[in-house]
Amino acid sequence: MFGHLKPEDFVNLIEGGALPAKRKSHLDSCSRCGTKWTSMLAMHAEVTSLAADIPEPDWTEFRSAVRDRLLSRSMQRASAMRRWTGWSMQPGAAWALSVFVAVALTTGAFLWNRERTSSPAGVLEPLPLHPAVESNDADTVKAVWSQTALFDELVQLGDAEEEQLRQMIASAEKGTPYRQ
Amino acid sequence: MGRTVTASMPMALGNQDADAGLVERYLAGDTSAFDELMIRYERQIYRVCYRFVENREDAMDLAQEVFIKAFEHLPGFRRESSLKTWLYRIAINHCINHVKKQSHEFVEVAEHMSSVRPLVHAQLEEKEQREHFRRMVQHLPPKQKAIIELRINEQLSYEEIARISGRSISTIKASVFFALEKLRKLVKDR
Chain A
1171 MFGHLKPEDF VNLIEGGALP AKRKSHLDSC SRCGTKWTSM LAMHAEVTSL
1221 AADIPEPDWT EFRSAVRDRL LSRSMQRASA MRRWTGWSMQ PGAAWALSVF
1271 VAVALTTGAF LWNRERTSSP AGVLEPLPLH PAVESNDADT VKAVWSQTAL
1321 FDELVQLGDA EEEQLRQMIA SAEKGTPYRQ
Chain B
612 MGRTVTASMP MALGNQDADA GLVERYLAGD TSAFDELMIR YERQIYRVCY
662 RFVENREDAM DLAQEVFIKA FEHLPGFRRE SSLKTWLYRI AINHCINHVK
712 KQSHEFVEVA EHMSSVRPLV HAQLEEKEQR EHFRRMVQHL PPKQKAIIEL
762 RINEQLSYEE IARISGRSIS TIKASVFFAL EKLRKLVKDR
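Chains A and B, in that order, are what the protein sequence lines are. Anchor point for the first sequence: position 175 equals 1345 in the working numbering, and the numbering is continuous, going up by one each time. Anchor point for the second sequence: position 6 equals 617 in the working numbering, and the numbering is continuous, going up by one each time.
Because the hints were derived from the structure by calculation, they are not lab data. None of the hints are false.
Incomplete in silico selection of chain A near chain B, CB under 10 angstroms:
1. K1176
2. A1212
3. L1220
4. L1240
To give an idea of the chain B side of the interface with chain A (calculated C-beta under 7 angstroms), a few residues:
5. M649
6. R667
7. Q675
8. F678
9. F744
10. I763
11. V787
12. L791
Chain B stretches covered by chain A per the calculated footprint, using a threshold of three residues with CB under 8 angstroms from any CB of chain A:
13. 650–659
14. 679–688
15. 772–786
16. 793–800
Beta carbons are placed, not taken as given, at the ideal position from N, Cα and C, and that holds for glycine.
Could you put the whole structure together from the sequences, leaning on the hints where they help?
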């Protein structure tokens, strides 16, 4: 045999549909399905009876309220847009402008960054060392320091550094190794 | 039976064509199309809203919000469904959201009403029973309630309700069954 009626069967019955013969005979013989069917029919009738008393509004007033609210909302949106942009703008145009600004900023930042990293001038290459700095040869150091350029550098040195440099020159002249 | 179906089909298609024409006119800036669209659907949408809130002012407010939402989104209406289905869908979703937000207030009102009940005279008992049943309908889960309203009171077909809710016809029928079952239990427990 088959089981009790399915929810869909009850609903089809309520809607005035017919059940297949086997199901119909089950409904007639099954007290559980019979009770359920009777109570569902009663509930359906109760719900249907509620439909009658709905108070109607004034439809002209209703329509004009919808129109006014639509208008006021569109004006609010327009004024909000003006507050942000300073001038009247359609939402679509505002979106397009903001997208354009975002893209421009991103592209600009990307290009600036790329230029900075790839440009030869931008790369911090080690400055060529003076040959004297690389060499410990006392004569070479002496020769270098005796050049006029040395005075330019001396002018830029602090007192302690200047004293240190003098000692280095003196020890180079004597031919003794410089000790700090 | 078959005659009814074949007779109603061209009418439904005619309504859809008329709706499409009105939408076009409204979007082109014809203000008279606004009134015509409202007149076609205001009563149906208001009735659905009323059954969710059971008072005129709130129902009017909800129905107005439904139309505002619809008119604002009309340019994006893709016409995959009829305007009627689309409007009902907006209304049902809006009402369900409203009921969810206000659910605690419904409980308070229901409690207040039940405390008043013993004071009602005998001759008002039938009216009171109807009111009580109405309150029980309010206690149905919002989606079941929506389906019951659309089918039993608005008399939409199961196909239409399936399109509005995005569910299968079997699911809609099962929902009607379970809603009536729940009401039966509520009446029994009263």
